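Trainee: Sequence:
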Amino acid sequence: MTIRAKAITAAIALLLAVGIAVAGTTAAREPAVPEARPPATTPAPAPAVRGAPDAPAVENEPDVAFRRSLAALVTTDRFPGVLASVEDPGGDARDYTAGAGDLATGEAPPANGYVRIGSNTKTFTAVVVLQLVAEGRVQLDRSIQTYLPGVVPGGKNISVRQLLQHTSGLANYTDHMRDSDFDEGRHLYRSPADLLGIAFSKPPTFPPGKGWRYSNTGYVVLGLMIERLTGHTVADEITTRVIDRLGLRETYFPKGDEETLRAPHPRAYEGDPRDDVTVADPSWAWAAGAMIATPRDLNTFFRALLFESRLLGPAELAEMRTTVDTGDQMWPGVRYGLGLTRTPLKCGGAYWGHGGDVPGFETRGGIRADGRAVTVAVTAGPSGRAAHLHVVGAVETAFCS
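Using mature numbering (1 follows the signal peptide of the UniProt record, and there is no 0), the letters of the sequence shown correspond one by one to residues -23 to -1, 1 to 378.
Source of the hints: derived by calculation from the structure; they are not laboratory data.
It should be emphasised that the depicted structure is a prediction, and the values quoted were computed from it without experimental measurement.
Even glycine gets a Cβ: it sits at the ideal position worked out from N, Cα and C.
Honestly, I wouldn't trust all of these hints.
[Claimed, not checked] When the alpha-carbon atoms are kept at most 35 Å apart in a straight line, the in silico DSBU-like pairs for lysine-lysine are as follows: (1) LYS179 with LYS232; (2) LYS323 with LYS133; (3) LYS232 with LYS133.
[Unchecked claim] Label pairs and their in silico Cβ distance ranges: (4) ARG119 with MET154: 29 to 37 Å; (5) ARG155 with GLN122: 25 to 33 Å; (6) GLN306 with ALA81: 34 to 42 Å; (7) PRO180 with GLY326: 36 to 44 Å.
Taking the hints into account, I'd like the entire structure generated from these sequences.
Mentor: Right, dumping it as structure tokens:
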């Protein structure tokens, strides 16, 4: 452990004295024994796109373009499987799948199956922070040093707002984790102190407020702030304040050593040839990206947050939707608010959401001003920027067709 990591651990230990437990230290847990599975194969070249109702797409169907975009994610971009859900303004929902949910058996992905939603977790974390703002327990423009003394280097110059909108300049710890860290450490528990130790061993990307760079580090810090102020784990706060309040029965924050997904779920893959990475310890992503949900539940969450205003008041929603330019670092035209993205649509208007990538899954989507909500999830990381943009493009197709 570096000197800096020791200092961080000591600062976090101080939080224990005020009634908050921060789980664990770095230790190699006994790897979970994965299910015995036959060797993976490549996806079939002509996937059926299954929707609701389950019928072949024909030219006069309004979703034919969307179905084709999902099929292309398998045939062109070679994602093993696709799961999607579209909810209309009136509340009618349709689920879609394409490709294979299990390359060994060729079985289709389960409609509305569980997926790792990655950085969509940030929106849940941001909601809790903004609820604390509404309660008068946090001020967005106060320094993080106010709430977590001694934890963040230069914390007196970094505001809560800057952590939420990726303008803090803190190095992104995942930028400094090698592929082997994910491959060989897939069953390794990493504490928040471990993650911050990686980040704080690197110089800041820029001075606070002087640029924009996506940083998972900021949301780990925010997770610690939530725990410090509430005396509860960030998982418990998200569960109580968001998941239970909305009745999201297919959304959860996995426990630190919970490596599997609830059923039904597709298998998750990385690499070429494909390696099954379904079973993995999610602790490395924590408050920045550990959560699991179904596409339909994710649509319900964004609808409740942004269309029905069931989680935040007008002032907090206005703060959340105040955006800064990202320089197209995520995808073209996107602007970033407080744990929220705004993406323009070629057909006019925009949609709000987030998106997330973790080994084995990419998830994109959000909600339009009229209440139409879309989520598209694929069961492997994109092979490159073009494949990533095609997932974003499938979401746009659902909104614009």
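Trainee: It remains to establish, for every hint, whether it holds in the given structure.
Mentor: Hint by hint, here is what the structure shows:
1. LYS179 with LYS232: 29 Å, holds
2. LYS323 with LYS133: 42 Å, violated
3. LYS232 with LYS133: 32 Å, holds
4. ARG119 with MET154: 29 to 37 Å: 30 Å, holds
5. ARG155 with GLN122: 25 to 33 Å: At 31 Å between Cβs, range holds.
6. GLN306 with ALA81: 34 to 42 Å: The hint (34 to 42 Å, Cβ to Cβ) holds, given that GLN306 and ALA81 are roughly 37 Å apart.
7. PRO180 with GLY326: 36 to 44 Å: Holds: the Cβ-Cβ distance is about 40 Å, inside 36 to 44 Å.
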